[in-house]
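2 protein chains.
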Amino acid sequence: MSYILISNDDGYDAPGLRAMIDCVARMGLRVVAVAPDGPRSAQSSAITVGRALHIRRLPDYNGAEMYAVDGTPVDCVKLAVDRFGRPDFVFGGINHGPNDGNSVVYSGTMGVVIEGCMLGIPSVGFSHISHSWDTDFTPYKPLVERIAAAVVAQGLPEGVCLNVNMPEGGEVKGAVTVRAAKGYWVEEFDEYDTADGGKEYKLTGRFHNLEPDNDETDKYWLERGYASIVPVRPDMSAVDAICAISERILNNRQ
Amino acid sequence: MSYILISNDDGYDAPGLRAMIDCVARMGLRVVAVAPDGPRSAQSSAITVGRALHIRRLPDYNGAEMYAVDGTPVDCVKLAVDRFGRPDFVFGGINHGPNDGNSVVYSGTMGVVIEGCMLGIPSVGFSHISHSWDTDFTPYKPLVERIAAAVVAQGLPEGVCLNVNMPEGGEVKGAVTVRAAKGYWVEEFDEYDTADGGKEYKLTGRFHNLEPDNDETDKYWLERGYASIVPVRPDMSAVDAICAISERILNNRQ
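Top line first, the protein sequences correspond to chains A and B.
Residue numbers for the first sequence follow the working numbering, so the first one is 1 and each next one is one higher.
Residue numbers for the second sequence follow the working numbering, so the first one is 1 and each next one is one higher.
For the record, the hints were derived by calculation from the structure and aren't laboratory data.
C-beta atoms are modelled at their ideal positions from N, C-alpha and C, and glycine is treated no differently.
Please note that a few of the clues may not be correct.
Negatives, chain A to chain B, calculated, CB over 12 Å [unchecked claim]:
hint : residue
1    : SER2
2    : ALA19
3    : ASP22
4    : MET27
5    : LEU29
6    : PHE137
Chain B side only, calculated, beta carbon under 10 Å to chain A, not exhaustive [claimed, not checked]:
hint : residue
7    : ALA19
8    : GLY120
9    : SER246
A short list of chain B residues far from chain A (calculated; beta carbon distances all over 10 Å) [what the hints assert, rightly or not]:
hint : residue
10   : GLU171
11   : ARG206
12   : PRO231
Let the hints inform the model, and build the full structure from the sequences given.
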């Protein structure tokens, strides 16, 4: 039976997951949410090897079947496929916190979406720029509904999923299709003394945007009150670099 | 002070890590290995948030400084940058097990390499197709040394890192620069009964190669005794799909 699979990396009890369900609840499709049993932010495409996973049924929410898994976000997708069959659509989110710039690489919510895409399933991740669980998603739901409905109606190009980010401010001025801003993370650890005289290090840091004024990037528009839609291709093979690498590394001309 | 950073996802005591160090030990550069304190396979680009990390100095190996971190492979890179400064080169491996096909998405060793690449550092991951810790890396070292030396001498194109896989058989017929084989994982869970009458699920499965006869792919050559070199671009933005997505999802023409 065809169905929409929903997951995230904030866990089954995140308000953003319920907001995501609300946005697809009236499509007339079966909706199944399989989410981690606690926060799994920044788990990327990690999977659990070497121990068994458990899946637990929860009370339905707004017509959706709800399940919790003691694993990573991608574990949730793999276990859902195994238990309930191949979903027709995979939606991740709504994530509490941004997944713009290169955060797509670290995000567990985008891990869910990338997993769906690699299975050939039209898949979209939705993220809101605030980490607060008190975010009122009401003003963002029309855009989420519109994108989800378009994907359900028309699918996505083969090998491509979407990474949608929504701005702060309780309003969306519009939506633009762009690429991720290039940059990297800096100043990433706070240092603490430990009881035994040693040190420990806690990850923090900020994204250094290499192109803050470039209107082809997601961050540019998010900072100006727009939602960004970035098409993401999980196959990272740099086909255009094959000849150059072959010459440079192997002294070959292929 | 400039240095080569080495890490992996099999942990600091993996023979493959020592083999990797052996391959760069005679270059005249400082070598620092910062690796997880235990196995962290399939950790992808996961990072540790919400708890502190600890780094522990170990005895040197073959001229290399050795450290263990109680975190993910990418944590090791981030903490190395924080503690020792920006490395000039990042090498991952030698991984015990293949990272061909779409395994690059799940691999913690390739997580290390992708992290280095996103910091603008020439980075290469090396993997051997066998998971055995008894693998004799001797016949593979000339190729690893050659690729590492070429990258140290000439760098890599901006935004591109390398994913090198080596075949079984104790011999390498040659090396080819190709793209990753397209495919997905199937039959992924073994089901067990639990003591309380429930079920649990352990991840297994195999890669279904969609193009086994395509000589443009890594798996084709690995199965025939060759090493594969796949250029990898961590920026997954599908720039070529922006117009199509804008029209399809937003009814815009950009």
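Comparing the hints with the structure gives:
Look at SER2(A): its CB is around 19 Å from the nearest CB on chain B, clear of 12 Å, so calling it non-interface holds up. Non-interface call for ALA19(A) relative to chain B: holds, since the shortest CB-CB distance, roughly 19 Å, exceeds 12 Å. The non-interface label for ASP22(A) is consistent with chain B: the shortest C-beta to C-beta separation is roughly 20 Å, beyond 12 Å. Taking the minimum C-beta to C-beta distance to chain B, about 16 Å, the non-interface status of MET27(A) holds against the 12 Å cut.
The non-interface label for LEU29(A) is consistent with chain B: the shortest C-beta to C-beta separation is roughly 18 Å, beyond 12 Å. Remark: the non-interface label on PHE137(A) is consistent with the geometry, its nearest Cβ contact in chain B lying 19 Å away (cut-off 12 Å). Among the interface hints, the one on ALA19(B) is violated; its C-beta lies about 19 Å from the nearest C-beta in chain A, farther than the 10 Å criterion. Taking 10 Å as the C-beta contact cut-off toward chain A, the hint placing GLY120(B) at the interface holds, the least distance being around 7 Å.
A least Cβ separation of about 4 Å between SER246(B) and chain A falls short of the 10 Å threshold, and the interface hint therefore holds. Annotated as non-interface, GLU171(B) keeps its C-beta farther than 10 Å from every C-beta of chain A; the closest such distance is 18 Å. For ARG206(B), the requirement that its beta carbon stay farther than 10 Å from each beta carbon of chain A is met, with the minimum near 13 Å. Not every CB of chain A is more than 10 Å from the CB of PRO231(B) (nearest about 4 Å), against its label as outside the interface.
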